[in-house]
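Keeping their order, the protein sequence lines are chains C and V.
Everything in the first sequence is counted per my numbering, starting at 1 for the first residue and increasing by one.
Everything in the second sequence is counted per my numbering, starting at 1 for the first residue and increasing by one.
By construction, these hints were calculated from the structure, which means they are not laboratory data.
Treat the numbers as computed from the prediction; the structure is a model and nothing was measured.
Some hints could be false.
Since the list gives no way to pick one copy over another, a pair counts as held whenever it fits inside one copy or between any two copies.
Derived DSS-like pairs: lysine-lysine, alpha-carbon spacing no greater than 27 angstroms straight-line [what the hints assert, rightly or not]:
#1 LYS204 to LYS229
#2 LYS218 to LYS30
#3 LYS30 to LYS271
#4 LYS259 to LYS89
#5 LYS227 to LYS2
#6 LYS72 to LYS30
#7 LYS131 to LYS227
#8 LYS227 to LYS148
#9 LYS31 to LYS41
#10 LYS72 to LYS41
#11 LYS41 to LYS218
Protein chains: 2
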Amino acid sequence: MKTYLDCIPCMLDQTLRAGRIATNDERVIKKLLDNMGSLIKDIPLENTPPETGDIIYSEIRRITGVYDPYEKVKKSNIEEALSLYPELKEIIQKSDNRLLTAIRIAIAGNVIDLGVGNEFNIVEDIKTTLKQDFAIFHFNEFQEHLEKANSILYLGDNSGESVFDKILIEEFNKDVTFVVRDVPVINDVTLEDAIASGIQELAKIISSGSSAPAIIPKLCSEEFLEKFKAADLVISKGQGNYEGLSNVDRSVFFMLKAKCKILANDLNVNKNDIILKGINI
Amino acid sequence: MKTYLDCIPCMLDQTLRAGRIATNDERVIKKLLDNMGSLIKDIPLENTPPETGDIIYSEIRRITGVYDPYEKVKKSNIEEALSLYPELKEIIQKSDNRLLTAIRIAIAGNVIDLGVGNEFNIVEDIKTTLKQDFAIFHFNEFQEHLEKANSILYLGDNSGESVFDKILIEEFNKDVTFVVRDVPVINDVTLEDAIASGIQELAKIISSGSSAPAIIPKLCSEEFLEKFKAADLVISKGQGNYEGLSNVDRSVFFMLKAKCKILANDLNVNKNDIILKGINI
Chain C
1 MKTYLDCIPC MLDQTLRAGR IATNDERVIK KLLDNMGSLI KDIPLENTPP ETGDIIYSEI
61 RRITGVYDPY EKVKKSNIEE ALSLYPELKE IIQKSDNRLL TAIRIAIAGN VIDLGVGNEF
121 NIVEDIKTTL KQDFAIFHFN EFQEHLEKAN SILYLGDNSG ESVFDKILIE EFNKDVTFVV
181 RDVPVINDVT LEDAIASGIQ ELAKIISSGS SAPAIIPKLC SEEFLEKFKA ADLVISKGQG
241 NYEGLSNVDR SVFFMLKAKC KILANDLNVN KNDIILKGIN I
Chain V
1 MKTYLDCIPC MLDQTLRAGR IATNDERVIK KLLDNMGSLI KDIPLENTPP ETGDIIYSEI
61 RRITGVYDPY EKVKKSNIEE ALSLYPELKE IIQKSDNRLL TAIRIAIAGN VIDLGVGNEF
121 NIVEDIKTTL KQDFAIFHFN EFQEHLEKAN SILYLGDNSG ESVFDKILIE EFNKDVTFVV
181 RDVPVINDVT LEDAIASGIQ ELAKIISSGS SAPAIIPKLC SEEFLEKFKA ADLVISKGQG
241 NYEGLSNVDR SVFFMLKAKC KILANDLNVN KNDIILKGIN I
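Take these sequences, add in the hints, and give me the full structure.
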């Protein structure tokens, strides 16, 4: 997805929110905004928004000296998600369609996103998402691809959401590789967060090789790109990964909630819609 | 009022909205955002927000070549306000307290603000404002000052709101001077707009001498500053004028609706509260 004009003020807003998490020093945050402001001219609209996210969070690390501003928040989100695990497994147990229910739960987890500035309540959002209609619903196609697939590459998004991803992966009974961010960026899932979520119990875990808050192929490692090319099925969680991958030339199934109006417009859906969308399928 | 950190992304947002009113050319709007982004480092937090507004709208005029992007919108808002005039006069006629009702109407008109990015519906907003409790209510003090005053300086804010200002000024029966912006900026009231609103029928009209979307004394003309110093009573309408004048050393009565969270916090009220506040009284 390209950068829309509306993304630009939003990036400054994100810089401010992240800066405030990293430091209380107003002068340091002003310096961050000054620098990000000056960088706007170097952001072509052809870039995907998370490429700019990468620049924002590199600047935050550089200027505040704080490597992982969201560390505590991530831990607490993972703990909250883990506490819901037994109840969610029971919901799947009782459901008519285990796979679809697990997909709904994995998408519900996508609200735990500290990049977009929406407030969320995990328990309430799960309730809503379990009943909500999909705006794009390539479920039959997904099932077909899943049945045929031997290897699945699962592109993680946020910490906490990762527990809900685990619940979905448990339904696959396949060779799954879970992809994490290379370094802490926003509240995105890193190796450490994936392990805290218990992903290693049923999937391999690899890094994207990039510090960006999304899978942006040109920024990823060779190792990742080989796996991305070779996997029978690629599942991409969340908004950032969609923004980075919406134009790739292989099949990808996107599972996400449209959390901002601009991305919703790009997908031709409404804000807060849930989406299971396959491309090149 | 100082510039808060939150004002900075909001300024970019305002640049985008105003840019879109001025032109459909995405590249020109990107250029505007690039330039405004680069200017952030030159905006000290000690500046009042409308000083930056002045820079934004000067850039818009310079880069798009459009002198008055809001010209049509202003005309249509004035027309809508004029069409409500007879009904509003009747409401005042039937009210228990003509002055207070006229103040409420003048404050209701303050929603016609295209700078803050809120949507508004004039008729609905009048209904609400006529019943709404004031968060700050220096009405008795205002009445006392009004009774004693021979000369009133009335600082206008938006076009359309100016018709509601006229309704309030009609209750005074005093020597009133109405102050307009020197050039078109956002939808703020200029000489032409004041005349289209009928203000000249009952007040003198002078310019602030400044292109800023607010009264910022250091940017105003000597002529204005003399009148500002000499007036028995100064009435300041709207958010921008409050931001520019909240720290002056003479008595001022502010009438406004708190249309953004940051200004509401500065006044220790909630967003959407209505305010009649005297300082140095």
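Evaluation of the provided hints:
1. LYS204 to LYS229: For LYS204 and LYS229, the Cα distance is within 27 angstroms only inside one copy (17 angstroms; across copies 74 angstroms).
2. LYS218 to LYS30: between (31 angstroms within a copy, 24 angstroms between copies)
3. LYS30 to LYS271: Close across copies (24 angstroms), not inside one copy (31 angstroms); limit 27 angstroms.
4. LYS259 to LYS89: within (26 angstroms within a copy, 46 angstroms between copies)
5. LYS227 to LYS2: Only inside one copy: LYS227 and LYS2 sit 25 angstroms apart there, 53 angstroms across copies, limit 27 angstroms.
6. LYS72 to LYS30: within (24 angstroms within a copy, 37 angstroms between copies)
7. LYS131 to LYS227: Neither: 34 angstroms inside a copy, 64 angstroms across copies.
8. LYS227 to LYS148: within (17 angstroms within a copy, 82 angstroms between copies)
9. LYS31 to LYS41: both (17 angstroms within a copy, 8 angstroms between copies)
10. LYS72 to LYS41: Neither. Shortest intra-copy (34 angstroms) and inter-copy (31 angstroms) distances fail the 27 angstroms Cα cut-off.
11. LYS41 to LYS218: Answer is within; shortest intra-copy Cα gap is 21 angstroms, inter-copy 31 angstroms.
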